[in-house]
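Asks: Starting from the known structure of chain A, fit chains B, C and D onto it as the hints suggest.
Chains as they are written, first to last, in this note's numbering: chain A, 1 to 161; chain B, 162 to 684; chain C, 685 to 1345; chain D, 1346 to 1447.
Honestly, the hints are just simulated from the structure, not real lab data.
Be aware that a few hints might be false.
[Said to hold, decoys possible] Lysine to aspartate or glutamate pairs mimicking DMTMM-like chemistry, simulated, CA-CA at most 20 Å apart:
{"hint": "1", "chain 1": "A", "residue 1": "Lys116", "chain 2": "A", "residue 2": "Asp3"}
{"hint": "2", "chain 1": "A", "residue 1": "Lys116", "chain 2": "D", "residue 2": "Asp1443"}
{"hint": "3", "chain 1": "A", "residue 1": "Lys127", "chain 2": "A", "residue 2": "Glu112"}
{"hint": "4", "chain 1": "C", "residue 1": "Lys1271", "chain 2": "B", "residue 2": "Glu621"}
{"hint": "5", "chain 1": "B", "residue 1": "Lys319", "chain 2": "C", "residue 2": "Asp1274"}
{"hint": "6", "chain 1": "A", "residue 1": "Lys116", "chain 2": "D", "residue 2": "Glu1441"}
{"hint": "7", "chain 1": "C", "residue 1": "Lys1261", "chain 2": "C", "residue 2": "Glu1248"}
{"hint": "8", "chain 1": "C", "residue 1": "Lys846", "chain 2": "B", "residue 2": "Glu621"}
{"hint": "9", "chain 1": "A", "residue 1": "Lys127", "chain 2": "D", "residue 2": "Asp1400"}
{"hint": "10", "chain 1": "C", "residue 1": "Lys1232", "chain 2": "B", "residue 2": "Asp320"}
{"hint": "11", "chain 1": "A", "residue 1": "Lys127", "chain 2": "D", "residue 2": "Asp1440"}
{"hint": "12", "chain 1": "A", "residue 1": "Lys116", "chain 2": "D", "residue 2": "Asp1402"}
{"hint": "13", "chain 1": "B", "residue 1": "Lys479", "chain 2": "C", "residue 2": "Asp1274"}
{"hint": "14", "chain 1": "B", "residue 1": "Lys625", "chain 2": "C", "residue 2": "Glu845"}
{"hint": "15", "chain 1": "C", "residue 1": "Lys708", "chain 2": "B", "residue 2": "Glu670"}
{"hint": "16", "chain 1": "C", "residue 1": "Lys846", "chain 2": "C", "residue 2": "Asp768"}
{"hint": "17", "chain 1": "B", "residue 1": "Lys319", "chain 2": "B", "residue 2": "Glu219"}
{"hint": "18", "chain 1": "C", "residue 1": "Lys1271", "chain 2": "B", "residue 2": "Glu631"}
{"hint": "19", "chain 1": "C", "residue 1": "Lys1261", "chain 2": "B", "residue 2": "Asp480"}
{"hint": "20", "chain 1": "A", "residue 1": "Lys127", "chain 2": "D", "residue 2": "Asp1404"}
{"hint": "21", "chain 1": "B", "residue 1": "Lys625", "chain 2": "C", "residue 2": "Asp847"}
{"hint": "22", "chain 1": "C", "residue 1": "Lys846", "chain 2": "B", "residue 2": "Asp542"}
[As the list claims (entries may be wrong)] If you want a taste of the chain A side facing chain C, the calculated C-beta under 8 Å gives, among others:
{"hint": "23", "residue": "Gln89"}
{"hint": "24", "residue": "Pro92"}
{"hint": "25", "residue": "Ala93"}
{"hint": "26", "residue": "Val96"}
{"hint": "27", "residue": "Gly99"}
{"hint": "28", "residue": "Val100"}
{"hint": "29", "residue": "Ile103"}
[To be verified] What the simulated footprint calls covered on chain C by chain B, stretch by stretch (three residues with Cβ under 8 Å from a Cβ of chain B suffice, anywhere in the stretch; the number is not a length):
{"hint": "30", "segment": "752-758"}
{"hint": "31", "segment": "820-828"}
{"hint": "32", "segment": "840-852"}
{"hint": "33", "segment": "863-872"}
{"hint": "34", "segment": "1209-1216"}
These figures come from a predicted structure and were not determined experimentally.
Using N, Cα and C, we set each Cβ at its ideal position, and we do this for glycine too.
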Amino acid sequence: MQDIMFYMFAALTIASAGVMVFSRSVIYSAVGLLFTFFGVAGIYVLLAADFVAVAQVMIYVGGILVLLLFGVMLSQRVTGVNMRTETLQTVPAAIVAVGVLFILFRVISKTEWLVKAKTTFEPTTAKLGTLLMTDYLIPFEIVSVLLLGALIGAAFIARKG
Amino acid sequence: MNNVLTWITFLPVIGVLLILFVPKNSKNLIRVIAAVFTGLQLVLAVWLYMNFDTGTAEFQFKEQYSWIPSFNIEYFMGIDGLSIPMVLLTAFLSFICIFASWGIDKSLKGYFAMFLLLDTGMMGVFCALDFFLFYIFWEVMLLPMYFLIGIWGSPSRKDPDGMVRGGPYAAIKFFLYTLFGSIFMLIAMLVMYFNVSDPVTGGHTFNMLHLMDQANHGGVLADFNIRLWIYAALFIGFAIKVPVFPFHTWLPDAHVEAPTAISVILAGVLLKMGTYGMLRISFPMLPDAMKWEYFAYGMAILGLINILYGAFCAMAQKDLKKLVAYSSISHMGIVLLGMSGLTSLGMNGAVMQMFNHGTGTAMLFLLVGVIYDRAHHRQIDGFGGLAVRMPIYAAMVSLAFFAGLGLPGLSSFMSEVFSFLGAFGSELFDLRLITIISTLGIVITAAYFLWTFQRMFLGELNPKYADLPEINGRELFTLIPLGIIIIFLGVYPAPLLDLIKTSLNELVEVVKAANGPTLLGLH
Amino acid sequence: MITSAILILLLPLVAFIIQIFVGKRLPRKGDWVSTGAMFAALALSVGIFIDAVAQYEPNNVLATATWDWINFGPVHVTFGFLIDNLTAFMLVVVTLVSSLVHLYSIGYMHGDPRYNRYFAYLSLFSFSMLGLVLVDNLFGIYIFWELVGLSSYLLIGFWFEKDSAANASKKAFITNRVGDVGMFAGIMILFSITGTFSFNEVFAAVADGHVGGTLLTVAGILLFFGAIGKSAQFPLHVWLPDAMEGPTPVSALIHAATMVAAGVYMVGRTFVLYTPDALLFIAYIGTITAFIAATIAIVQMDIKRVLAYSTISQLGYMMVGLGTGGYTAGLFHLTTHAFFKALLFLGSGSVIHAVHTQEMDEMGGLRKKMPITFWTFLIATLSISGVFPLSGFWSKDAILASALGFGMTHPAHMPIFVVLLLSAGVTAFYMFRIVFLTFTGEPRDKKKYDHAHESPLTMTIPLVVLAVLSVGTIWWGWVEHMLVKPELASYGSHVASAVEHAAEEHGVAHSAHTIAMFSSVVVATLGILLSAVVYFWRKISADAWAEKLKPIHTFLWNKYYFDELYAATIIRVTLFKSRLFAAFDLKIIDGIVNGTGRLTAAFSRLQGSIDLRGVDGAVNFVARFVGYLGSQLRGLQTGNIQAYIMMALFAVVLLFVFQQF
Amino acid sequence: MSVGLNHYLFLAAVLFVLGLYAVITKKNAVTVLMGIELILNAANINFVAFSRYTDTDMDGQVFAIFVIVTAAAAAAVALAIVLNLYERLKSINLDEADSLSG
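Only chain A is shown next, with the shape it has when bound in the complex:
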């Protein structure tokens, strides 16, 4: 059952990612990306990372994607730019991409992973929360500040023109 679920989600993810990459319309790409995110969220669930999955949905789907769409819409509305996205140097890019894929596959398959599978599924939220407030407190705080800084910076850059 799990395997099937995995393949389903994997298929969804890769397919929608393919849509995102190969579509010529930005809007389509965005929709493709949306589904990719959903697929990845599903994968997270399969990996027993419920909180990450929820965060994925909420932040990426609810936040980032909306933001991206806003960006798209906004620029289009204001300017009437052709939202067709054109591609460059597709052939070399394809070669490189395939090369990289090949490398990754090779590395993944050749490496002896110290696998120690866990089979249990248990809620992770509490544990994550504890970790964030104990071991990762400083990174957590730093990230908070980073986020704040990024938002302010973004607002500043966008406004200034």
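Replies: Here is chains B, C and D on its own, set in the frame of chain A:
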């Protein structure tokens, strides 16, 4: 009051930190901070004076902490009869110079920060008992001095002879000269370090007390010739600071181009470091070097040259400040001569002369500053008859001039006389002829001081200066304490002498003992 | 006794301090402070003097006191008082003249803008001079020695707006310094051997034979250098005539009566230190001085300058007295001279005050206008000329007798007496020349004559007092008994020759006295007569003779060209040296320093150019090559991030491929 | 073959390469940004997978959360830059932003 020497040395640094946080437009606040911290330093110095035990030649108020243990370098402070007058002089002149610097208007903040840093360096040199620490303080003084002369001194100008002179030139000259001397000192210091063993640990040591104890000397220091070379290296290092002919040419430039207060510090304190170094380091650490008696004769002859050469050069000067600068060279020659005879009288006289020259020349430079602030030039021939217009100023100048020419009743008379007497009565060397020739310097000194006084103050009043303002209260505030000290020590030198004599007599004994029996058998 | 000594010393000092700080605000500008202090000191001095007379013993030591002053540990320097008959004499002389001069100055300096400063300086001088007299050691005497020099400097230059006054004060101080250096060297020699400054201990050391021979002679002569400077002896006499630029009362006090006599006092005080050779040196210096100064005085026209040269000449007499062993004679002449010379100066001051000129050309006939001044002046003139029975007669006669006695025992040194006798005649001549030119004859400047008037009481009273003292013939007996040449025999063997010398002298003393007395009276009379013939009856024209003896006259008029000589030699050489050294400093030493700097800079430039052409050339070649490559490769730099990413990844893939296969 | 770590890693690798391809080829800046998000997601999958299949407990998940947050921040800034770019170049095509061209 456990760490009083640390406090007295580093108080100005606290002042520097405070000043750095003060906005640069609050000029009065900066001045007050500087005055308060140097004032506290002076209070501490007076406290030291009150609590100083004059009955012992031991070092007092010692503080000893390990600093860089891997090289056995210590933070070791302490003072004895040789250092305490210098500590007092430094604290006193620094305090006075803050007021003499009141009128500085070019980036006041930087000036006072530098000044206080310099103060720390000077105080540290006189308190340090670890050679390495001594060297650090010695170098610490250099940089603030460089900037103080270079930035706040007179601007660069092209002289008729094509040389570019002025503050920056003088600063670089001073810096290079002193650095040149420091190198010799550094070499000597390292040779000492590697060849003297710590009696406790057996390792190398910078501790001056260990360095002074001949029992710890080993290695190449067993070779008398090596000792002579080290002595010579130390002598050059210190001679530049004194300055001894022919290493003196940084002095007129630096003194003339520096702002008034800095000239005071230069002449009042920095020059003393050379002779202080000789008395603190050369003599006690290598007491037997004078067995090669050419050192003593050489030192006396250099003293003689300094006295006469400085006096003659002073006579020829047209710039009042330059005249005072050359008179310093002349007066420091007396210190050298006094030391060279290795007698109690001469040694005490020399240290008294260091102190008295400090106060006397400080007064002279302050007075030069007063007239320069008013007339904006220092050409002696450009004045005339000022005594009519500025009687108080003229009285002050005559006091300083008479102190400079060694009038009895004023402090430098005592020290000069005893320096001469000490050298003349030396039991180890026959310095009689040298001393008698040196005393001719007294006449020349009188001649140039009186001639200068006449050209500036006597005769008809130069109509150009018919409305020159009289010396003001702030300036008098800086001058009167100096005047009082000069007169008081001239009449009754015991307070100063009592401070120094135990330590110096001990030093004389040590050096004499190391140099064997008397050569002349005069007694 | 010691308390009075301390008071005597402190009174003028306190007066000085009061005057210098608050004198201006005191009523009458505080002249009464100084004057009162001086009169109080006079009273105390007289008290001491009376004690001394009451005991009436030769060289009696009345009191001593010492305090530890400067303690070096192994060496102590003490400060102390030594009050003996000599001190008592000197105290009275100094305080008396000083008090009278103070009193006189109230009138003379009236209305001067720096009136209080003047009295302050006078007090300072009195303090220093009294200290000089009171101290019991060489160090102290040297200190006060210099301090009187200072007050003399201040007072000569009192009217410093005049360039001549400023010059004169400087000259006085520096010339004195030259002598002082010699004195200091002498003190150094004595101190280095005996380890003490105290007179008694030094004398004792000499007596024990610790020091003797040539070294002692050298030390003595060096000590005497101080006296040469201070007492204006040849060749350092040049400052004293110039010192007449000071106010006249000052000239009377300092440059006639007291300070210049300090040299004589010092030699008297340290008399036992002088070996016969040293004494001979002193005698010859004194003789030369006496003669030179007297001859110069003949032709001078400035009344004060004539008196100044007369002072120098008389100081020379005193030195001869001491040098020929006439200890009492020299010191006695010091005392008498102090009174009549002070009187002469004060009298001349009175004249100057009346006619406002110092040139005798513009005076004449003042006898009727200023009777008191005239009569007192005449008494002093008679006294200095050695007319019986005035005080000068006794003292000068004693000196001549001493010189003659010395000449009789040592015939080779007879010229001393001859020259001295000649000078005595000259003295009488030029002193009466002053009297005749000033007080008799027709007024040469009518306007000034009409303005002239007798001086106020404050000025005439001192004249009268001094005149009375100058008459005092009874002086001699007292002095002869109270100031006896120190008993050399009580000291060690080294002075044996001096003892013999003294003994022989004693034998001839009596006959010498008689001869000296008569010859001096004859010579003085001749001098006075000649003077009268030339300047009173005008039988011989002075101008005509001056014309006839033109070269001599010019030579004398120019004071033997001493000033010119010094200006051309010592001063010129000193200034030349100073300029030379300064130039040497600037050009050579500093030149070397700067040259080193320039050389370093030049070397670095050379190296820089090597660097530029050679090393840098190679570097530049590499750079150019790389630049060429770069320009060829710049096409890769599209500015497009995506291209960069691709290239990077391409490289990664390539690397991987290489690594794997 | 049961689904294991390698499967997830392969999936992530494919996603990564797709994202990479998008980044390299797309002219439109927004699309490039989307590619970057894909790459980040691929990395996140790896994190979580390792967290699940190795002995690292929850650390991978924590990192994943950090990555998400950082990505959000990056996206915001990147979009702002895009807007700014547009203001300057009147285009959001990256090939026109080549003022660094050599």
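Asks: For each hint, tell me whether it holds in the structure or not.
Replies: Here is what the structure says about each hint:
no. : hint                    : in the structure
1   : Lys116(A) / Asp3(A)     : holds (18 Å)
2   : Lys116(A) / Asp1443(D)  : violated (49 Å)
3   : Lys127(A) / Glu112(A)   : violated (29 Å)
4   : Lys1271(C) / Glu621(B)  : violated (35 Å)
5   : Lys319(B) / Asp1274(C)  : holds (16 Å)
6   : Lys116(A) / Glu1441(D)  : violated (50 Å)
7   : Lys1261(C) / Glu1248(C) : holds (19 Å)
8   : Lys846(C) / Glu621(B)   : holds (7 Å)
9   : Lys127(A) / Asp1400(D)  : holds (16 Å)
10  : Lys1232(C) / Asp320(B)  : violated (59 Å)
11  : Lys127(A) / Asp1440(D)  : violated (46 Å)
12  : Lys116(A) / Asp1402(D)  : holds (10 Å)
13  : Lys479(B) / Asp1274(C)  : holds (18 Å)
14  : Lys625(B) / Glu845(C)   : holds (16 Å)
15  : Lys708(C) / Glu670(B)   : violated (54 Å)
16  : Lys846(C) / Asp768(C)   : violated (43 Å)
17  : Lys319(B) / Glu219(B)   : violated (53 Å)
18  : Lys1271(C) / Glu631(B)  : violated (38 Å)
19  : Lys1261(C) / Asp480(B)  : holds (18 Å)
20  : Lys127(A) / Asp1404(D)  : holds (10 Å)
21  : Lys625(B) / Asp847(C)   : holds (18 Å)
22  : Lys846(C) / Asp542(B)   : holds (17 Å)
23  : Gln89                   : holds (7 Å)
24  : Pro92                   : holds (6 Å)
25  : Ala93                   : holds (6 Å)
26  : Val96                   : holds (5 Å)
27  : Gly99                   : holds (4 Å)
28  : Val100                  : holds (6 Å)
29  : Ile103                  : holds (5 Å)
30  : 752-758                 : holds (count 6)
31  : 820-828                 : holds (count 4)
32  : 840-852                 : holds (count 8)
33  : 863-872                 : holds (count 5)
34  : 1209-1216               : violated (count 0)
The structure fails to meet hints 2, 3, 4, 6, 10, 11, 15, 16, 17, 18, 34 from the earlier list, while all remaining hints are met.
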